[in-house]
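2 protein chains.
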Amino acid sequence: MHILVTNDDGVTAPGLLALAQEMKKLGQVTVFAPDRNWSASGHVKTMDRPLRVRETILADGTPAFMSDGAPSDCVALALLGLIEEKIDIVVSGINPNANIGHDVTYSGTVTAAMEAVIDGVPGLAISLDSPENHGGKLDYTTAASVARRVAEKVTAEGLPQGVVWNVNVPYLKENELKGFMVTRQGLRLYRDELDRRLDPRGRPYYWIGGQAPTGVDEPGTDFGALRAGYVSITPLQLDLTAREAMRRLENWKF
Amino acid sequence: MHILVTNDDGVTAPGLLALAQEMKKLGQVTVFAPDRNWSASGHVKTMDRPLRVRETILADGTPAFMSDGAPSDCVALALLGLIEEKIDIVVSGINPNANIGHDVTYSGTVTAAMEAVIDGVPGLAISLDSPENHGGKLDYTTAASVARRVAEKVTAEGLPQGVVWNVNVPYLKENELKGFMVTRQGLRLYRDELDRRLDPRGRPYYWIGGQAPTGVDEPGTDFGALRAGYVSITPLQLDLTAREAMRRLENWKF
Numbered sequence: 118m119h120i121l122v123t124n125d126d127g128v129t130a131p132g133l134l135a136l137a138q139e140m141k142k143l144g145q146v147t148v149f150a151p152d153r154n155w156s157a158s159g160h161v162k163t164m165d166r167p168l169r170v171r172e173t174i175l176a177d178g179t180p181a182f183m184s185d186g187a188p189s190d191c192v193a194l195a196l197l198g199l200i201e202e203k204i205d206i207v208v209s210g211i212n213p214n215a216n217i218g219h220d221v222t223y224s225g226t227v228t229a230a231m232e233a234v235i236d237g238v239p240g241l242a243i244s245l246d247s248p249e250n251h252g253g254k255l256d257y258t259t260a261a262s263v264a265r266r267v268a269e270k271v272t273a274e275g276l277p278q279g280v281v282w283n284v285n286v287p288y289l290k291e292n293e294l295k296g297f298m299v300t301r302q303g304l305r306l307y308r309d310e311l312d313r314r315l316d317p318r319g320r321p322y323y324w325i326g327g328q329a330p331t332g333v334d335e336p337g338t339d340f341g342a343l344r345a346g347y348v349s350i351t352p353l354q355l356d357l358t359a360r361e362a363m364r365r366l367e368n369w370k371f
Numbered sequence: 118m119h120i121l122v123t124n125d126d127g128v129t130a131p132g133l134l135a136l137a138q139e140m141k142k143l144g145q146v147t148v149f150a151p152d153r154n155w156s157a158s159g160h161v162k163t164m165d166r167p168l169r170v171r172e173t174i175l176a177d178g179t180p181a182f183m184s185d186g187a188p189s190d191c192v193a194l195a196l197l198g199l200i201e202e203k204i205d206i207v208v209s210g211i212n213p214n215a216n217i218g219h220d221v222t223y224s225g226t227v228t229a230a231m232e233a234v235i236d237g238v239p240g241l242a243i244s245l246d247s248p249e250n251h252g253g254k255l256d257y258t259t260a261a262s263v264a265r266r267v268a269e270k271v272t273a274e275g276l277p278q279g280v281v282w283n284v285n286v287p288y289l290k291e292n293e294l295k296g297f298m299v300t301r302q303g304l305r306l307y308r309d310e311l312d313r314r315l316d317p318r319g320r321p322y323y324w325i326g327g328q329a330p331t332g333v334d335e336p337g338t339d340f341g342a343l344r345a346g347y348v349s350i351t352p353l354q355l356d357l358t359a360r361e362a363m364r365r366l367e368n369w370k371f
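So the sequence lines, in the order shown, correspond to chains R and F.
Each residue of the first sequence is one higher than the one before, starting from 118 at the first, in our numbering.
Each residue of the second sequence is one higher than the one before, starting from 118 at the first, in our numbering.
Source of the hints: derived by calculation from the structure; they are not laboratory data.
A few of these clues could be false.
The list treats identical chains as interchangeable, and a pair is accepted whether it falls inside one copy or across any two copies.
Said to hold, decoys possible - Straight-line C-alpha distance at most 20 Å; calculated DMTMM-like pairs for lysine to aspartate or glutamate:
#1 Lys141 to Glu202
#2 Lys142 to Asp256
#3 Lys295 to Glu201
#4 Lys295 to Asp152
#5 Lys370 to Glu274
#6 Lys141 to Asp236
#7 Lys295 to Glu274
#8 Lys254 to Asp177
#9 Lys270 to Glu172
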């Protein structure tokens, strides 16, 4: 099995290293990640400028490709032929924060997996729900092991066509996990605030600030599963049609 | 009614001007758009740098705000309080190309409307299906008029909560339109190719190239409606859960 490993935090991120190391237990790994952080950068296809691709090595000596494109660009470049060997699965992560609820269209981690699926390859996004940042030294052991178990299952059982697996892992030791739960996308509650400041020349600039997002703790959702100590696995589709609204709109006259 | 007009092609785009002029027939218009092109830039929330906001004027003298953020950032800034008056609806466009099928998560036009909906305000995305670029001089008259008619209808009837209206308009005169069709999201067929070139110093760089995307011409879809000469109105939701896949996965043991 040939696994493409990518992320949205950039090629130097510890979560990428942990994921690449664990995926090597399943087969051949190619790492192809952005050369910088692209968090909350969305689903990008870079068309107005060309992209550079350079070779680098991870902290453990693993060879890797990096590009100046977004996570989804890295996946597109790899699948369009920059990586010659056939890729069987794309695994994106490990993101140091959960990607749940409305996060999924913003998330570079998730949109990299979307890009894989659009290109006909199974895509998994792996995120760690770490409410604190632990001085920047997060333990990715559990999330990496979960990623391996899910990737193994997906390749054994076959993934329904056109589905992205969005996997979120609580910040627990593996033996403390309550189990795995197949969930629906829940509701994120963003608490963004406009933070206006003045630069040294007295001109305003604006941060999108405020507290970290929270969510609605409903059973059966991604947010609910994490709160209860379960790994959340949400299958996502790329057909966004609101079918209920569609039926209502069909009676409208324009 | 107070209408926020934005786009993903930047504040100087003729499609934005045409939309702003037409929306003035419905109420007060505030224009707030990116200062450059953000096509296929996805759903962005810029958090690693602050954003600048500047005042400018459109080609007809209409005052406008522009920022160095993405379309979705412009909407977020406006709704977080940079625009003090309550905004009743966000209208994004007019994009000079269709946004159908899988385009919707890439599209800056559509993700600006998504941002509005996440923030609790109705969001409309308006795109023109112009197969040729007509020397850069597209006629936005029909699409602008359609945008006004849809926005009028939405505010009169009330939009189902949490739904983005994705409107695509064929490149026809208004009296040549076959009508309006409520559609589901169809299937895009991307024809991207890796285009490897060498720079003046002999080092490779890569364009994501290839022919423009096409689609599967099925009745009832966005692509099918446009092909048949209809305005396509697709209600989109932000819950991407693949419910059919979910049922299948519930039997899996991890």
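Hint check results:
Within a single copy, Lys141 and Glu202 get their C-alpha atoms as close as 16 Å, which meets the 20 Å cut-off; across copies the closest is 55 Å, which misses it. For the identical chains of this complex, Lys142 and Asp256 are intra-copy neighbours only, at 19 Å inside a copy versus 57 Å across copies, given an alpha-carbon limit of 20 Å. Proximity of Lys295 and Glu201 under a CA criterion of 20 Å is satisfied in neither setting, with 40 Å inside one chain copy and 47 Å between copies. In this assembly of identical chains, Lys295 and Asp152 lie within 20 Å of each other by CA distance neither inside one copy nor across copies; the values are 36 Å within and 49 Å between.
For a Cα distance limit of 20 Å, the shortest separation of Lys370 from Glu274 across copies, 11 Å, qualifies, whereas the shortest one inside one copy, 46 Å, does not. Proximity of Lys141 and Asp236 under a CA criterion of 20 Å is satisfied in neither setting, with 23 Å inside one chain copy and 42 Å between copies. Taking the closest pair of Cα atoms, Lys295 and Glu274 never come within 20 Å of each other, the shortest separation being 23 Å inside a single copy and 46 Å across copies. Only within a single protomer do Lys254 and Asp177 lie at most 20 Å apart by alpha-carbon distance; the minimum there is 17 Å, versus 54 Å between protomers.
Within a single copy, Lys270 and Glu172 get their C-alpha atoms no closer than 31 Å, and across copies no closer than 54 Å, so neither meets the 20 Å cut-off.
Comparing the model with each numbered hint stated earlier shows that hints 3, 4, 6, 7 and 9 do not hold.
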